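Chain by chain, the residues run as shown.
2 protein chains.
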Amino acid sequence: MRYSQSFINTRRDDPKDETATNARLLIRGGFIDKLMAGSYTFLPLGWRVYQKIEQIVREEMNAVGSGEILMPLLHPRDVWNETGRWADPNVKQIMYQFKSVDEKEYGLSFTHEEIFLDVVRKNSLSYKNLPIKLYHFSTKFRNEPRAKSGLLRGREFIMKDLYSLHATQDDLDKFYWEVKDAYLRVFDRVGLKDVKVVEASGGVFTSGHTHEFQLVSPVGEDNIYFCDKCDWAQNKEIYTHKIGEACPKCGGQVEEASSIEVGNIFRFGTVYSEKMGINFKDSDGKDNPPYLGSYGIGMSRLVGVLAEVFNDEAGMKWPKSVAPFLIHLTFLGGAKDEAEKLYKSLAQKNMDVLWDDREESAGVKLSDADLIGIPYRVIVSDKTLAKDSVEIKERGSDKVEMVKLDELSSWLERLE
Amino acid sequence: MRYSQSFINTRRDDPKDETATNARLLIRGGFIDKLMAGSYTFLPLGWRVYQKIEQIVREEMNAVGSGEILMPLLHPRDVWNETGRWADPNVKQIMYQFKSVDEKEYGLSFTHEEIFLDVVRKNSLSYKNLPIKLYHFSTKFRNEPRAKSGLLRGREFIMKDLYSLHATQDDLDKFYWEVKDAYLRVFDRVGLKDVKVVEASGGVFTSGHTHEFQLVSPVGEDNIYFCDKCDWAQNKEIYTHKIGEACPKCGGQVEEASSIEVGNIFRFGTVYSEKMGINFKDSDGKDNPPYLGSYGIGMSRLVGVLAEVFNDEAGMKWPKSVAPFLIHLTFLGGAKDEAEKLYKSLAQKNMDVLWDDREESAGVKLSDADLIGIPYRVIVSDKTLAKDSVEIKERGSDKVEMVKLDELSSWLERLE
Chain W
21 MRYSQSFINT
31 RRDDPKDETA
41 TNARLLIRGG
51 FIDKLMAGSY
61 TFLPLGWRVY
71 QKIEQIVREE
81 MNAVGSGEIL
91 MPLLHPRDVW
101 NETGRWADPN
111 VKQIMYQFKS
121 VDEKEYGLSF
131 THEEIFLDVV
141 RKNSLSYKNL
151 PIKLYHFSTK
161 FRNEPRAKSG
171 LLRGREFIMK
181 DLYSLHATQD
191 DLDKFYWEVK
201 DAYLRVFDRV
211 GLKDVKVVEA
221 SGGVFTSGHT
231 HEFQLVSPVG
241 EDNIYFCDKC
251 DWAQNKEIYT
261 HKIGEACPKC
271 GGQVEEASSI
281 EVGNIFRFGT
291 VYSEKMGINF
301 KDSDGKDNPP
311 YLGSYGIGMS
321 RLVGVLAEVF
331 NDEAGMKWPK
341 SVAPFLIHLT
351 FLGGAKDEAE
361 KLYKSLAQKN
371 MDVLWDDREE
381 SAGVKLSDAD
391 LIGIPYRVIV
401 SDKTLAKDSV
411 EIKERGSDKV
421 EMVKLDELSS
431 WLERLE
Chain G
21 MRYSQSFINT
31 RRDDPKDETA
41 TNARLLIRGG
51 FIDKLMAGSY
61 TFLPLGWRVY
71 QKIEQIVREE
81 MNAVGSGEIL
91 MPLLHPRDVW
101 NETGRWADPN
111 VKQIMYQFKS
121 VDEKEYGLSF
131 THEEIFLDVV
141 RKNSLSYKNL
151 PIKLYHFSTK
161 FRNEPRAKSG
171 LLRGREFIMK
181 DLYSLHATQD
191 DLDKFYWEVK
201 DAYLRVFDRV
211 GLKDVKVVEA
221 SGGVFTSGHT
231 HEFQLVSPVG
241 EDNIYFCDKC
251 DWAQNKEIYT
261 HKIGEACPKC
271 GGQVEEASSI
281 EVGNIFRFGT
291 VYSEKMGINF
301 KDSDGKDNPP
311 YLGSYGIGMS
321 RLVGVLAEVF
331 NDEAGMKWPK
341 SVAPFLIHLT
351 FLGGAKDEAE
361 KLYKSLAQKN
371 MDVLWDDREE
381 SAGVKLSDAD
391 LIGIPYRVIV
401 SDKTLAKDSV
411 EIKERGSDKV
421 EMVKLDELSS
431 WLERLE
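Going down the list, the sequences are from chains W and G.
All the letters of the first sequence, read from the start, carry residue numbers 21 to 436 under the numbering used here.
All the letters of the second sequence, read from the start, carry residue numbers 21 to 436 under the numbering used here.
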């Protein structure tokens with residue numbers, strides 16, 4: 021894509037009204053724009069990052085046999101009354117609820133359990149057509165009085181939420197652990213290699229624990245306790261030991277860290293099905309309430325988390341799998357025509373290239389390249405052309421490699 | 021994809037609470053589910069149709085040099101006050117506006133001109149970085165007291181909206197007509213071959229006409245007047261002649277018809293820029309308000325329009341370009357294992373196949389296939405296997421073709 025047509029507006033200075041690293045870097049790099057506290061527009065560069073993450077999540081959700089749908093965001097009060105959540109004080113604190121001018125009462129989506137169950141109950145349910153597994157990427161709203169963490173905590177944000185309905189607790193459990201593995205694959209693929217699966221309180225609705233996916237990070241608002249040897253981990257809510265005590269699973273040492281939650285999974289059991297009067301026919305023809313699971317990944321939050329993790333003093337350093345582009349092509353001096361030719365040949369091969377076609381100084385262009393943080397920077401200049409070459413540098417590395425023009429596309433293809 | 025895992029629930033009978041053909045057919049075919057009047061969930065089959073349309077629109081928007089973004093849905097009152105639209109009685113009728121518990125005032129998106137302008141004004145604008153062209157696929161809300169037309173008129177729906185900002189009226193005009201052509205390509209590609217570009221009133225904000233894209237249809241809520249010879253067409257609002265009078269452009273005969281609006285394009289000029297105090301530096305260094313264009317396609321409405329147009333008494337008849345799948349593979353009698361093998365080999369070649377793996381009667385399976393309306397139905401049965409063949413039938417045609425198993429994938433590849 022052409023830089024000049026992509027509405028990329030970098031800034032030298034930090035925005036004054038942002039304290040969070042992710043918001044500062046993403047605004048400076050031209051990835052997002054702030055509408056109000058906790059609400060951002062994804063600009064072309066940021067939206068490309070989001071879309072790459074979305075495709076990874078989609079692949080992993082399809083791989084566990086779930087189907088993609090889209091549920092509405094504006095919900096009538098009645099369906100939320102069935103579970104009692106409409107009037108729940110905890111819900112009222114975070115859900116935007118209002119009356120329209122014609123006195124109808126609505127709430128804005130902050131989760132979709134009720135809507136999912138309303139969709140499935142319109143079909144006759146039997147043990148033969150369970151489990152049902154459906155997910156969507158959709159907007160959530162949450163009344164945050166103080167939203168100061170950029171994309172990490174928004175008034176409006178995008179979630180991937182998956183819902184599943186099962187004939188037995190065993191079947192729910194089996195799928196629950198499959199989703200856990202799928203989530204770890206997602207986080208690994210987007211570049212987050214050390215996400216911990218942390219036990220958390222089940223709340224009033226679940227018998228066992230729920231699980232959070234936590235990334236250890238100094239900017240995290242959560243606190244977790246984890247073993248330095250095995251996979252045992254608990255969040256602050258349920259952790260009852262003392263720091264320094266041995267890991268209850270393997271005897272290793274328990275550590276404490278602040279962390280950011282990037283996903284969570286819940287087994288609600290039959291509570292919501294019972295409240296909404298939903299049953300399925302078991303193999304004896306008897307009516308039973310089905311078991312509900314619910315699984316979320318904060319999609320726009322992930323963009324913010326990646327910005328917190330992958331940066332240096334010069335700007336972003338995107339992992340290859342989610343970078344807005346793989347290659348940042350630029351020219352110096354009088355080499356624009358040759359660079360443009362190169363861009364066209366790479367674009368024709370469907371390579372993932374941002375072509376900085378601007379007539380700006382070398383200083384501006386190279387510092388913009390660092391700020392945007394695309395993994396590979398390719399420079400075409402009179403100096404490189406004299407050797408029939410381009411100069412390639414990996415973001416964050418000091419090593420510069422000269423690659424012959426006629427070997428470039430095969431060199432780049434190895435990266436994808 | 022496997023039928024048994026795709027949450028496809030067809031219905032023999034029409035839903036009792038729907039009068040619109042599109043809603044009846046799409047609910048019966050398992051494409052959508054109704055949450056409340058004017059609000060639907062897209063189920064896996066319907067979402068695939070939506071996604072195919074979205075990709076076509078995305079390609080055409082990228083082809084006119086515009087960039088994809090995502091703007092928020094929950095808007096603070098202040099930005100809508102700048103243009104005076106917050107308090108406009110026409111806006112108040114359709115925009116959901118409310119106060120949160122902490123007394124902040126919000127409105128839900130029914131269009132995004134103010135938000136787009138708020139995004140661009142944070143950058144220093146000059147004739148050098150204009151035009152700006154950005155689009156998104158996003159949810160719109162509209163308080164419809166009586167929403168009875170299925171996907172044709174919703175309280176919540178998906179739009180593609182594109183906004184452009186220009187240094188001159190000429191540049192806006194030039195892009196405006198480029199978008200007109202892009203829209204006609206979109207409608208042609210999704211299967212709507214006879215969409216008319218209809219002149220409409222500019223309203224108070226535009227000097228020239230705006231244009232609507234209207235599909236002649238007996239279920240349309242609009243009325244248009246068009247020439248039977250040339251491309252002249254006007255909507256009811258501005259049409260001042262009498263039926264029977266000659267076309268003012270070519271002398272042909274003017275006809276009247278009901279129609280469905282599938283898109284519209286506006287040239288707002290500098291009115292909104294002036295109200296919001298937005299200027300750009302022209303080549304003389306002087307400040308001038310830039311020219312705004314706004315261009316919409318009703319995305320979820322298009323799914324409804326296609327359902328109104330492409331059906332027969334047995335169900336849907338999707339055009340190939342937007343069908344949820346290209347091939348509906350099913351088996352009769354004891355041929356399941358052979359059909360499953362075939363499915364796996366086609367899936368491995370990334371062919372777009374729905375595999376009806378259910379143990380149901382031939383009657384149920386064939387009538388479900390007609391209801392869902394995938395273009396090509398492939399049957400594997402003991403009878404076809406005796407001839408090392410499958411039976412292929414195009415939806416809506418009576419002709420049945422026998423194709424040898426080892427020639428099937430090349431036969432199908434020719435369809436894509």
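Among these hints, one or two may not hold up.
Since the list gives no way to pick one copy over another, a pair counts as held whenever it fits inside one copy or between any two copies.
Lysine-lysine pairs mimicking DSSO-like chemistry, simulated, CA-CA at most 27 Å apart [said to hold, decoys possible]:
no.: 1; residue 1: Lys385; residue 2: Lys142
no.: 2; residue 1: Lys213; residue 2: Lys256
no.: 3; residue 1: Lys369; residue 2: Lys413
no.: 4; residue 1: Lys306; residue 2: Lys340
Hints listed in this document are in silico derivations from the structure and should not be mistaken for laboratory results.
Since this is a predicted model, take the numbers as computed values, not measurements.
Open item on the list: To test your reading of the hints: which numbers does this structure violate?
Closed with: 4
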